[in-house]
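Visitor: Sequence:
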Amino acid sequence: MFKIDSLEIRKNKEANKSLYKNLKPGLYLFHSIEPSNLWGEHVNIQAIVGKNGSGKSSLMDVLYMAINNFAYMFERGHHRAAATSLCYVKGLYVNVKYSLDDVQYVLSCDGNSTKLIRVNTEETIANFHLNSRNATREEIDDNAIRTIVKSFFYTIVSNYSMQSFISSNYACDTNVYNIDEHRDDDSENVNSYGRSWVDNRDSENDSKEKIWLNSIFHKNDGYVRSITLNPYRDNGVINMEKEKKLAKYRLVALLIDGAKSKTNIFRDYALDRITFSLDKDFVKRKFPNYSIKKLINSVIKQLEDKDSDLFNIVESFNLEIDFIKKQLNNKDSDLNYVSESIKLQLIALAYLQKKMEKIIENYESYKLYRFNEKLSVYDTNNKNRKNHLKDLCKQIKDDPSHVVTKIKQTINFLSCRKNNFFEENETKSKKWLDKEFTYKQYCREGFVRSYASLDEIVASFPPPIFKYEVYLNRIVLNDVDKYKKQKKYLGCMAVDVAKSMQNLPKEAFFISTKGGLLNTKRNGKRCDEYFNRGINIKWNGEYWKRDEINLSELSSGELQMMHTLSTHAYHIRNIMSVKNDAIKYHSINMVFDEVEICFHPEYQRQFISRLLAMLNALCRFEQNCNFNIFILTHSPFILSDIPSSNILYMENGQMLDKNKYGLQETFAQNVSVLLNQSFFMNCFIGDYAKKKIAEIIDDIMKKKKTKQHQLETRINMIGDEFIKSQMKKRIEKV
775 MFKIDSLEIR KNKEANKSLY KNLKPGLYLF HSIEPSNLWG EHVNIQAIVG KNGSGKSSLM
835 DVLYMAINNF AYMFERGHHR AAATSLCYVK GLYVNVKYSL DDVQYVLSCD GNSTKLIRVN
895 TEETIANFHL NSRNATREEI DDNAIRTIVK SFFYTIVSNY SMQSFISSNY ACDTNVYNID
955 EHRDDDSENV NSYGRSWVDN RDSENDSKEK IWLNSIFHKN DGYVRSITLN PYRDNGVINM
1015 EKEKKLAKYR LVALLIDGAK SKTNIFRDYA LDRITFSLDK DFVKRKFPNY SIKKLINSVI
1075 KQLEDKDSDL FNIVESFNLE IDFIKKQLNN KDSDLNYVSE SIKLQLIALA YLQKKMEKII
1135 ENYESYKLYR FNEKLSVYDT NNKNRKNHLK DLCKQIKDDP SHVVTKIKQT INFLSCRKNN
1195 FFEENETKSK KWLDKEFTYK QYCREGFVRS YASLDEIVAS FPPPIFKYEV YLNRIVLNDV
1255 DKYKKQKKYL GCMAVDVAKS MQNLPKEAFF ISTKGGLLNT KRNGKRCDEY FNRGINIKWN
1315 GEYWKRDEIN LSELSSGELQ MMHTLSTHAY HIRNIMSVKN DAIKYHSINM VFDEVEICFH
1375 PEYQRQFISR LLAMLNALCR FEQNCNFNIF ILTHSPFILS DIPSSNILYM ENGQMLDKNK
1435 YGLQETFAQN VSVLLNQSFF MNCFIGDYAK KKIAEIIDDI MKKKKTKQHQ LETRINMIGD
1495 EFIKSQMKKR IEKV
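So for the sequence shown, the working numbering puts the first residue at 775; every next one is plus one.
Please keep in mind that the hints were generated in silico from the structure rather than gathered at the bench.
Each hint should be verified, as a subset may be incorrect.
[Claimed, not checked] When the alpha-carbon atoms are kept at most 27 Å apart in a straight line, the in silico DSSO-like pairs for lysine-lysine are as follows: (1) Lys1016 to Lys1168; (2) Lys1080 to Lys1067; (3) Lys1036 to Lys1080.
[Claimed, not checked] The following label-pair restraints were derived from C-beta to C-beta distances: (4) Leu803 to Asn826: 50 to 60 Å; (5) Asn894 to Ala1463: 53 to 63 Å; (6) Lys785 to Ser1499: 49 to 59 Å.
Treat the numbers as computed from the prediction; the structure is a model and nothing was measured.
Each residue gets a CB set at the ideal place from its N, CA and C atoms; glycine is no exception.
Build the full structure now, drawing on both the sequences and the hints.
Guide: What follows is the structure in structure tokens.
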């Protein structure tokens, strides 16, 4: 079991009080009484509630800063592909107390020092000081980090509020680390040009303009540093179109993974199929100044020039282009000699080069490669250009982030030679190019190898030359009791089922007691084709049937539920897929801030149940994993699934004493009671309606000259029957 017990903000004259916003110094208890395995053996759930401005999110921000400082201490001096330098937050005086398997630990941030202590044995696991000259990569290597994180946890945060994580709100004094000042001249952390991998700054000097929050958002490090924030923000801005695409990738990867392992982390939907088709407008959109002919000629010209950047990129990624060269030997001015599949590969190569140019231009972690704006205009006299491109390609290969996902998809597509996409027989290749194909077919053609993580699933997708659609099967059970009564009957021989159900539609499916899928259309034999596809079926009186829906047709609330769960599930699954001999976390802290955004009350009521179902499905992959869950909420429906012992009540920047206020138990509690005591509501009707009722009462009491039928009309609008009846009695007396 893993749980975070408390967070203490310590009084200190050197503390930067602005970090705490409205929070008061003192102890904030998250957990006091442990309900034995209430949510399962490896799960602990805690809630933080209070009015707007009570300090809920600010308290979590303090936790994030403490985790950030801890990660900074053991990661400074390391180069992680696509990860920017972390910033150390100065003036933080905080203790975070947590328990792993009945062993208690304290993460102590004391200004310029950070310690991790095992309380039971008083052992100091890690002790870092900001100005230590020994805390370099040579002293704290990956083996040391591996030992440290065994006693720590990884935090996944989701906060979809548009007012949250705005960078300028987190400006404070920070320190940044520059490896140039901490390495010998023969350090490995240099590229072919002898330049350092990290930004040039003064060694661990003050950096007021550097915001610690941004360094977490730009921390693609392969799950080494201990926290990730979602959705991704660039200086506080969420690019909704990018976030939509990223969320779709994650969701599809989870659905594919679930279909393969026969698990479903989403209660309402499971994957039916993913279809791909050639994007006819791709060249026009990505290369607006080129016709297809002009673009292909440009690529051919570069491939024929061994000094060109594209040629060197092809070599660096070990892409085989012999088949392309073979066709190019039979030159024809109108390009008729080039088959459609070869044209497609040439366009893919052009896209690969353009995408690499784009990440160099747009991403801080690749700014080292910005000599001129584009790869194609590098100084041709630079003898080290080839090595420079090799360094770039190596960083892309090692980069685990979404930044290079499309590049990896394109490389994967160009690397697979033995398939019908690239047949010399034009008829075979056109079958692929002119028609839809499924992800399953793409796998059969050898494009998809075995995968260890969800990131690898996404990287195995066809490149952006193809557009894709995702189709789900909706799971709806209308009559559970009827199903239970007939379960024994449905488990009988399939032939008997088929004979007994003569009036069923053509596609009628049954679940046997052993979990097999039975189909009357095939004389009652098990329909393994559908069963293996993970098809889901709907109970409709006497039978189940398919209910297919395109992912794009889901409502905003349905998508929000799937995105919220899939964001956490995606990271959890990837953490689980990390090899045991690498830096790996086994304890995961999940934070859902204002989780009820976009949710109907019914979804709010179901949220914890859905979350637990997701974790149960994921634990099939890794049983040695523990979860602590923070839910910051204004929803009484969510609190109804959490006992009061696991709820932190906040008001005016401090923790409320539950005993002092005599609060009732929250688990399975009535919603009106929860609204009153947990959300500190003094009234349960709208404020405007309350004023109108007061006006009616005032008119009656002062006996104003208001026509009776007008009063009655206003009174009849009132929904509360008791208030309505009392007012009518008052009118009669008047």
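Visitor: Next step is simple, just say for each hint if it's right about the structure.
Guide: Each hint, compared with the structure:
As the CA atoms of Lys1016 and Lys1168 are separated by approximately 25 Å, the hinted pair is consistent with the 27 Å bound. With a C-alpha separation of about 22 Å, the suggested pair Lys1080 and Lys1067 falls inside the 27 Å cut-off, and the hint holds. A hinted pair counts as satisfied when its Cα atoms are at most 27 Å apart, and Lys1036 with Lys1080 does not qualify at roughly 49 Å. Checked against the hint of 50 to 60 Å, the pair Leu803 and Asn826 fails, with Cβ atoms roughly 22 Å apart.
For Asn894 and Ala1463, the hinted distance range of 53 to 63 Å is satisfied, since their beta carbons lie about 56 Å from each other. For the pair Lys785 and Ser1499, the beta carbons lie near 56 Å from each other, so the given range of 49 to 59 Å is met.
Consistency note: the structure conflicts with the earlier hints numbered 3, 4.
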